[in-house]
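Read top to bottom, the protein sequences are chains W and S. 53 is the number that my numbering gives to position 53 of the first sequence; each next residue is one higher, with no gaps. Positions in the second sequence are counted from 1; adding 1000 to them yields my numbering.
Calculated from the structure, these hints are not laboratory results. On a predicted model such as this, the values are computed, not experimentally measured, just so you know. Any given hint might turn out to be false.
Partial pick of chain W residues on the chain S-facing surface, computed with a CB cut under 8 Å [what the hints assert, rightly or not]:
1. R58
2. L140
3. A280
Partial list, derived from the structure: chain S residues whose beta carbon lies under 7 Å from chain W [stated by the list, open to error]:
4. P1167
5. L1178
6. A1179
7. L1301
The beta-carbon is built from N, C-alpha and C at its ideal position, and this holds for glycine as well.
So you can see what is in the structure, the chains are spelled out below.
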Amino acid sequence: MTAALGRIGPLLAAQIAAVAVALALAPRAALVLAVWFAAWQANIRLSESALARGRAGRSLVAAVFGVTVLILWEMTVRLFGVPPVILPPPTEIAVTLAANGTLLWGDFVQTVVKGALTGYVIGCAAAVGMAVAVDRSPFLQRGLLPVGSFMAALPIIGTAPILVMWFGFGWQSKAAVVVLMVFFPMLVNAVAGLKSADRMQRDLMETYAASYWQSLVKLRLPAAMPLIFNGLKIASTLALIGAIVAEFFGSPTRGLGFRISTSVGQLQLGMVWAGITVAALAGSAFYFAVAWAERRVTFWHPSQRP
Amino acid sequence: MTSVADIAAPGAGAGRTGARARRWLRLRAAPVLAVVLGIVALWYAACVPMNVKETLTFAERAGAEVTPASPSERRAMGRWALVAANPGHLGGSFALDRPRLPAPHQVVAELWTTTVETAPTSKRSLVWHGWVTLSATLLGFGIGTALGVLLAVGIVHDRAMDMSVLPWAIASQTIPILAIAPMIIVVLNSIGLQGLIPKALISAYLSFFPVVVSMVAGLRSPAASQMDLMQTYSATPAQVFWTLRLPASVPYLFAALKVGIAAALIGAIVGELPTGASEGLGARLLAGSYYGQTVQIWSALFAAAILAAAMVGTIGALERATLRRMGFAR
């Protein structure tokens, strides 16, 4: 504690000195620095107070940091007159977002619901199905695991132009890209997951004279859930990336990837950032929905215990 | 349990190696080979229905009797029905100029001509395009990894930074950051930066977050008892860092590097798309899709896959060598 307090002293001194120097050289920079350092000091105090031990306190510190970044961004853009074609201020992005709600909602439906979600469901279901299908053959499992991990490391997003050629500009080609992208990480996790029920548990099922399907449904699939959900979480991010980037290779006149790439072309950076914001919110919501389902399904697993 | 006599017997060592090799062949190589052969066989089989319309048009031009004879009727028919109706005219499926799905050997032949038979300085050489992408990938990967490790060190040593930055770094893993790529390219282009640097920045950005998150976990991986031991030695934070935290984080670092370099390559490829760049593997993909040059797309795709595999493989080899020398049990 004393060591921590001793560290704050010189830091605060250095910050005050930096603001003073900046005040003499460039007053506008001094203002930005002062806000930054004030928030920094506030967060140091917050993180060392008793408040920070609770969950709410921890989120508060992160929120203060996030808001500070937004304020600094706004201040820098406005004070230094950064052209909006390079970096629009957050308020302008928020205004664009609010003014184009229906347009962006259409993009969201096109890219996230039709492209990403459809492909995600098909790809993940196919991968789990395949993992169950090869489950009885250790030979195929040993073959599929290395090939699957190898494929998962490849830039599968590069298949987008081929699939756009095959399935047209609509959402079907985006769903196809997503299927390919999520399939291999999901397969690797599902195959590994199905192996995770241990010897003792399998022997127990054996002594109950459980059939293959009974042991699969009652033991091996539930035991596989932590790894399956690991795959589902990885795949949720990949699905959005696939759906957005595939639109760069051709799309109808809506979709987040289309919106971002055409607005960049027209130098409407407010719209670009609004599209990125929607994509980011969709990505986080998707991920946390999967994480929520994981907590409900694998409540018994040590990693989920509070 | 092998007795001493067995080990010392002439040829015993060779036999043991032979048994290990056979075991490796049976448990590792054979299944992988079978799966790969299965994929190639499926691919060849898929070429027939995928290319059937083009194949039949081609066969008709060469003077063959195709059923049904009119192209418009053929267009209305399903692919499988066409295959069933014309079993004798499908030989051209694997040798079309612009197939919908090129056969594996066509892709390999294209790869061969554009790498080995073309001078690496030529604009038609995949080695040249691959190098353009690779240089941006490696530069960005280097920047991203260095910054990621620095931020992780800061997060581990500063509680305020930990609580402010780490949640955002973790949250950033859930969002499609790649969507930002076209904007970075165009904005940097408008302030006069183009070519290598913008692509490298996207690569850096993509490889940065996995490294931060993984390195924080790695630097925190020493057990409490190990940290206590350092405390009893009255080690300074710097000593704890260099002798305990940093060595303990190495396995985590390598895991992150493998994810990071694959992400960096994707970043560089996607970074080549928006401005219609004329060089790099991403540009080859885009040009191929504009002009319907499917063989070119597939060969660029395979070149990217080979690059990714080579880089991940290199890091994997470095990882094994380093961890063995550091004494981590495998």
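Okay, the hints, checked on the actual structure:
Because the smallest distance between the Cβ of W/R58 and any Cβ of chain S comes to about 6 Å, under 8 Å, the interface hint for this residue holds. Restraint check, W/L140 versus chain S: the minimum CB separation of about 7 Å is within 8 Å; hint holds. With a least beta-carbon distance of about 4 Å to chain S, the hint placing W/A280 at the interface is held under the 8 Å criterion. Using the Cβ-Cβ criterion of 7 Å, the hint placing S/P1167 at the interface with chain W is satisfied: the shortest such distance is roughly 4 Å.
Taking 7 Å as the C-beta contact cut-off toward chain W, the hint placing S/L1178 at the interface holds, the least distance being around 5 Å. The restraint placing S/A1179 at the interface with chain W holds, with a minimum CB-CB distance near 5 Å, inside the 7 Å limit. For the restraint placing S/L1301 at the interface with chain W, the shortest Cβ-Cβ distance is roughly 5 Å, inside the 7 Å limit, so the hint holds.
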